[in-house]
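A.B. asks: Quick mapping for you: the protein sequence lines, in order, are chains A and B. Note that the UniProt record's numbering numbers the first sequence so that position 409 is 409, with each residue one more than the last. Note that the UniProt record's numbering numbers the second sequence so that position 351 is 351, with each residue one more than the last.
Each hint should be verified, as a subset may be incorrect.
Stated by the list, open to error - Below, simulated DSS-like cross-link-like pairs (lysine-lysine); rule was C-alpha separation at most 27 Å, straight line: (1) A:K634 / B:K60; (2) A:K648 / B:K391; (3) A:K606 / A:K572; (4) A:K614 / B:K388; (5) B:K388 / A:K648; (6) B:K391 / A:K632.
To be verified - Facing chain A, from chain B, some residues (calculated, C-beta under 7 Å): (7) H304; (8) A319; (9) P421.
If you're looking for bench data, these hints aren't it; they were derived computationally from the structure. Think of the CB as a built atom: it goes at the ideal place given N, C-alpha and C, for glycine as much as any other residue.
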Amino acid sequence: MWARAGPGWWSRRTLAAWATRSAGRGTTGALPESALCPAADSRASDRRYSSANSQEKIDMSRFPVENTRNFSIIAHVDHGKSTLADRLLELTGAIDKTKNNKQVLDKLQVERERGITVKAQTASLFYNCEGRQYLLNLIDTPGHVDFSYEVSRSLSACQGVLLVVDANEGIQAQTVANFFLAFEAQLSVIPVINKIDLKNADPERVEKQIEKVFDIPSDECIKISAKLGTNVESVLHAVIKRIPPPKAHRKNSLRALVFDSTYDQYRGVIANVALFDGVVSKGDKIVSAHTQKTYEVNEVGVLNPNEQPTHKLYAGQVGYLIAGMKDVTEAQIGDTLYLHKQPVEPLPGFKSAKPMVFAGVYPIDQSEYNNLKSAVEKLTLNDSSVTVHRDSSLALGAGWRLGFLGLLHMEVFNQRLEQEYNASVILTTPTVPYKAVLSSAKLIKEYGEKEITIINPAQFPDKSKVAEYLEPVVLGTIITPDEYTGKIITLCQTRRAVQKNMMYIDQNRVMLKYLFPLNEIVVDFYDSLKSLSSGYASFDYEDAGYQTAELVKMDILLNGNIVEELVTVVHKDKAYSVGKAICERLKDSLPRQLFEIAIQAAIGSKIIARETVKAYRKNVLAKCYGGDITRKMKLLKRQAEGKKKLRKIGNIEVPKDAFIKVLKTQSDK
Amino acid sequence: MALPGVRARGWVRAANVAQRRRLSGDTGGSRSPAPGSQRAALYVHWPYCEKRCSYCNFNKYIPRGVEEAAMRRCLVTEAQTLLRLSGVRRVESVFFGGGTPSLASPSTVAAVLEAVAQKTHLPADSEVTLEANPTSAPGSRLAAFRAAGVNRLSIGLQSLDDAELQLLGRTHSASEALRTLAEARRLFPGRVSVDLMLGLPAQQVAPWLRRLRELLRLCDDHVSLYQLTLERGTALFAQVQRGALPAPDPELAAEMYQEGRTVLREAGFRQYEVSNFARNGALSTHNWTYWQCGQYLGVGPGAHGRFIPQGAGGHTREARIQTLEPDNWMKEVMLFGHGTRRHIRLGELELLEEVLAMGLRTDVGITHQHWQQFEHQLTLWDVFGASKEVKVLLEQSLLLLDHRGLRCSWEGLAVLDSLLPTLLSRLQEAWQQRPSSPVPGG
């Protein structure tokens, strides 16, 4: 049976606690790794299983549980996770060895552009070792702090992880966060020190860091260069040797965990599943424990890394199934699938992702509402972690308030809207979910509860009706060379953060732990940290609940008219500086108009900051040289076209750019 | 063998007589009996300069040596070709611009004028303007240009401050410019224009105004006042980018413009266009053609034109641009008779957009009659009368819409570029909503 871990860190992350083995990490095999698998074997296996486009279906019954390993690679950004995945895919013949294998598993445009994995991917690798045919399921995980929820989702299907650390950069904040995710889930952790080919690589120092921070003996580290392929084969051997097979039984009734799902326009929902028990094959009738809906399985298969249909999937295996589900909400992450009329105890269902950053999304032009609606729907089909609430504002018309896992997640979503669906949107200031404990009996009755969550700053209840306000806080981990410690401590103090811990992880690297109000880090903290540490400090955080806070609602006015998009909930101590900064940014980004514009920040009726944009006195290009009016006309027509995209507040024209410049991340001065 | 010299001399003699008559102050409406499509202004581009000015990104070249004879032949050939192509019967003005056209030989100017006079009717009192750079135009040379048929001079004086002239990379000093101005006024009385810039880096309002007043004591009846635009790719732009020079202050430039136009008004000048001022009716008819969206032919490297190629059976106005680079342009002219690089048909709406954007630059704006020449169906009232946004502009007294037509107020003219997007977008809307026009010939 699959064992369950006790309540702990996982549940704090809103995840059901799933663990895959009861023993602690690090089972060391009896055989030396080098003796384990002659290279020739793996080449033979290449030929047999390399062809992803082979028409013959693989017989998955040939892979018993004991020959199956489910594992993930986790790493800090740029430490080489995707490159290692590419090499493993090549070694096992899943993809050809060409120079073009760059981050094969990163399918999204934004992933390749930004070098971040956003969407978890899975690949089944076939590998022959010591005459035994192994099925190694690699579950690639997202690589950014925003997506640690998805990381944990992927981990739930694994028994072990490769923790990749850059031999030059050493342990970074995300390495720590990832390690503890795996550790708390009681997975085997295989530390892999990558990039040993780099000139400044110092694998011995990294070994010591790993020993000090994670308590893993340094001789357990595998030193590789994924880029050059050095020593990568021994990683596969370690996977086989050190990661236990899943504890699952074919003879039991089907019990499959949905750990991810994607949407295909033609085939519907493709659910990624891990089989805890039983067998599933085409034609089976399955039931969703969550919705109690019954489906007929049209297709099962493995990901290699493209979908490759198989006859069946067996206990312990990881693959996909398509069963006529029309909507990803029908294949919710954490749901259990079982055979019709053979109900099983459902695996404790995962809660849905908890959005930490909210923003309003509106079409620039209301006539584009329907297009945007369909784009948002399509995108959320593939990204169930985005929450969608319809919203409307007088100024912006109909739109949505979307909840994201973090700021990057929001940016990625927006970028995909623009790039993949050609939709242009207005995004409002990102906010965090505040809470208010109501004191007014009337309001309590109205809301039906005493403690309410405020997602939209426009709905912030007045202080007279509130006993106290609460704000979300996170525990942040910062790892930095010690020369930047002073500056970072100052930065954290300006962000109202409270220091919880500080330790040297080696002779000149410091790990700091701070409790941050989430609101203080969602907008520009990461950029500030990076810039004041010349890029060396790394940061990650985990949810730490709520704390009381003195919050106020601040309005931004243009010639006396409230700009709804810019309503901000802010800590009392920060109101002036935030208000002033917004006014200044608006002043810089508002084009001059034919009259003067007063920009004000106000709390209630009290004006706390003001800037003025003077009226145009002259705005006319002087000359049309030699009758060259084409250029001038082009410019004017572009402006006329641009006018259609302007928002009017009173009689003031506010270009989308102005909103973006005000709302967008700005580094600290 | 043709004898251009004889004919040219004939035209020049007649022109010289006519030059003494003053042009009427008539600006709007038709000046000649020929229909609009048979009339045109002619722009001739001389692409060479002695030296690169630090602010100029126009199409000009600093040659090691100019093959003037070849250039002359090509300008003549292209003028002939385009005149034939356009089917134009009457040329009402000629403008030699550049570059520095005063570096060309007077004989080149004469040859072009002669070619035009041969092909079409070039009335003896047609305005023939030459842009002149103070250093390249000593008195004797100006007289030669006059003899070649030039009857109006536009002097690129730019500033009366030697330090500013140096900053601009001009080759002349203030005193040289004034000497040229005096010489020009003697030769072309009442027909001399000076260009003056404002809004230079570090330029202050009071000294600039003082020099404008000084200039007004010495200048003739036409002044062009224009604000420096920092163009990408110029030395000045680079200097400002580098921080070697302060960026021009738009506030100060606005003040100079406002003060300057007031001073000019008080001195009896009519601001007949955004940057052009004239007294005693000395308006430039050539530029007026641009603003009224009349036809014009562009001859020479990189020249722009707007005309209906009637000679080739065309019925639609085209925006035309000639090949930019002089050597390539010459090759094309020698091969094909012209160096037109691109010709783009202007749609009806596009033409109306130009009518609007150009017409509003003038003090008379767009009269109802003028608008009607281009658009028969929608009146100015139809387009702008009911618009809420336009109404705001009318209420702010930036714009006027009345029985005469649509025009900017004194205040509105200075902020025209902020008015035009609203007006253009309104025009586009009205155009889309107009009742479908009757099928021609149906």
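A.B. asks: What are the numbers of the hints the structure violates, in ascending order?
C.D. replies: Nothing - there is no hint that the structure violates, so all of them hold.
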